[in-house]
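In the order they appear, the protein sequences are chains A and B.
Under our numbering, residues 1 to 179 are what the first sequence spells out, in order.
Under our numbering, residues 1 to 164 are what the second sequence spells out, in order.
Derived by calculation from the structure, the hints in this document are not laboratory data.
Just so it is clear, the structure is predicted and the values come from calculations on it, not from any experiment.
Do not take every clue at face value.
[To be verified] Selected chain A positions facing chain B (Cβ under 8 Å, derived; list incomplete): (1) 46; (2) 50; (3) 54; (4) 58; (5) 59; (6) 63; (7) 64; (8) 67; (9) 74; (10) 137; (11) 140; (12) 146; (13) 147; (14) 163; (15) 175; (16) 177.
[As the list claims (entries may be wrong)] Calculated pairs, SDA-like style, for lysine to any residue (alpha carbon to alpha carbon, straight line, at most 25 Å): (17) A/74 x B/116; (18) A/74 x A/85; (19) A/74 x B/152; (20) A/74 x A/165; (21) A/74 x B/151.
Backbone N, C-alpha and C define an ideal beta-carbon position, used for all residues, glycine too.
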Amino acid sequence: MIAPVGYALVAFVVVAAVATALLRDVLAAIILFTAYSLGMALLYTLLLAPGVGLTEAVIGAGVTTILLLLTIAKTVRPTDGAALERPDPRAAVACGALALVFGLTLPGLPAVGDPDSPVVAYERVTGYYLSQSYADTGVENTVTAVLAAYRGFDTFGEATVVFAAGVAAMVVLRQEVFT
Amino acid sequence: MSDAAGRDAERGPYTESEVIMSTVRVVTPFVLTFGLFVTFHGADSPGGGFQGGALVGTVVLMLAFAFGIDPTRRWLGRRAVTVVACLGVVAFAAVGLGAVALGGGFLEYTAYEALPLHDPVKLGIEAVEVGGIGLIVGGVIAGLFFLTAAGPAADDADAGGDAE
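Bound-form chain A, shown alone:
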């Protein structure tokens, strides 16, 4: 049941990504990019990573789309009639080579949910988190336990980077407050 849905989603995501790169109309490209993000969010959820899926849905499909729409509202549309961008052959070769290299690594990866995959079976850190995080922290979501407790200092840095990104946008636009 899951495999056909997964393959359909992968096909949808690939088509949306290629169309986003090729379409000349920016509004259409943004809408297709939103569809791509939505497909990725569903894929992550299908692969049992609901937290990542939630993030992709909110940030990728939601916030990014609105920020991009706001940005193109300040621009004008291209006036010539061509619907598709003519891809730069060197860029196309580079993208194809990258996709090929990533694709070649796929058979080496363990299956999703494989109990014998190295991360679960041999990795002492992961095993410790999975078996001890509830006893150590009283938190049922192991991801939250790792992010906020075991790696709390990292997360403090990451949250501060998000804040710094907002401040950087303020500096670039010479505003003193967000609103």
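Place chain B on chain A using the hints.
Here is chain B on its own, set in the frame of chain A:
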């Protein structure tokens, strides 16, 4: 085509639409509730401060999308979004430094066991997720939206494009 493009640029990013306003009016309470649930329940189910804070920040974006960016900006007040994001950083640092003050390491929640709290480690994690990450992400997302809408400050903005 060039006429339409010119009008698009002069009109600015906001279009008043009864369909969008009605949809947002219906959907917003559910998105806000879901965002708060994901934030506060992140310790025991998928989600957490980042996803929940982003969802709550999205509520502001939806309101501005439907009812206009400037009215939403005025409704929020001049400093609210900035204060929320700053409070998040201060709260996260305070939880970390509080553990140091009680004799532990930075963000070592077990140090809070010195206080008469029920389950201090879980409380510390919740404080960081909700009061730290959630506030930072929600504030910065709403802030980036308003910044992008406002564009560069008036002294170097070019004459075209920005209708505000």
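So, going through the hints one by one against the coordinates:
Violation of the interface hint for residue 46 of chain A is found here, the shortest Cβ-Cβ separation to chain B being roughly 14 Å, above the 8 Å cut-off. Using the Cβ-Cβ criterion of 8 Å, the hint placing residue 50 of chain A at the interface with chain B is satisfied: the shortest such distance is roughly 4 Å. Given the 8 Å rule on beta carbons, the hint for residue 54 of chain A holds: about 4 Å separates it from the nearest Cβ of chain B. Given hint, residue 58 of chain A at the interface with chain B, holds; its Cβ is 4 Å from that chain's nearest Cβ, closer than 8 Å.
The interface hint given for residue 59 of chain A is met, as the beta carbon of that residue sits about 6 Å from the closest beta carbon of chain B, less than 8 Å. The closest approach between the C-beta of residue 63 of chain A and any C-beta of chain B is roughly 6 Å, which is under the 8 Å cut-off, so the hint is satisfied. Here the hint on residue 64 of chain A is broken, as its CB sits about 10 Å from the closest CB of chain B, past 8 Å. Below 8 Å, beta-carbon pairs count as interface contacts, and residue 67 of chain A has one with chain B at about 5 Å; its hint therefore holds.
Nearest Cβ of chain B to the Cβ of residue 74 of chain A: about 5 Å, under the 8 Å cut. The hint holds. At about 5 Å, the closest approach between the beta carbon of residue 137 of chain A and any beta carbon in chain B falls short of 8 Å, and the interface hint on this residue holds. The restraint placing residue 140 of chain A at the interface with chain B holds, with a minimum CB-CB distance near 4 Å, inside the 8 Å limit. Taken as an interface hint, residue 146 of chain A does not check out: its beta carbon lies about 11 Å from the nearest beta carbon of chain B, beyond 8 Å.
This hint holds: residue 147 of chain A has a C-beta 7 Å from the nearest C-beta of chain B, less than the 8 Å allowed. The restraint placing residue 163 of chain A at the interface with chain B holds, with a minimum CB-CB distance near 5 Å, inside the 8 Å limit. Annotation: residue 175 of chain A was flagged as interfacial toward chain B, and the flag holds, the nearest CB pair being 6 Å apart, inside 8 Å. For residue 177 of chain A, the interface hint holds, the least distance from its beta-carbon to any beta-carbon of chain B being 5 Å, beneath 8 Å.
With a C-alpha separation of about 56 Å, the suggested pairing of residue 74 of chain A with residue 116 of chain B is violated against the 25 Å cut-off. Between residue 74 of chain A and residue 85 of chain A the CA atoms are separated by roughly 21 Å; this keeps the pair inside 25 Å, and the hint holds. Between residue 74 of chain A and residue 152 of chain B the CA atoms are separated by roughly 12 Å; this keeps the pair inside 25 Å, and the hint holds. With a CA separation close to 22 Å, the supplied pair residue 74 of chain A and residue 165 of chain A stays within the 25 Å bound.
Note on residue 74 of chain A and residue 151 of chain B: the hinted pairing holds, with a Cα-Cα distance of about 9 Å set against a maximum of 25 Å.
In this structure, the earlier hints numbered 1, 7, 12, 17 are contradicted, and the remaining ones agree with it.
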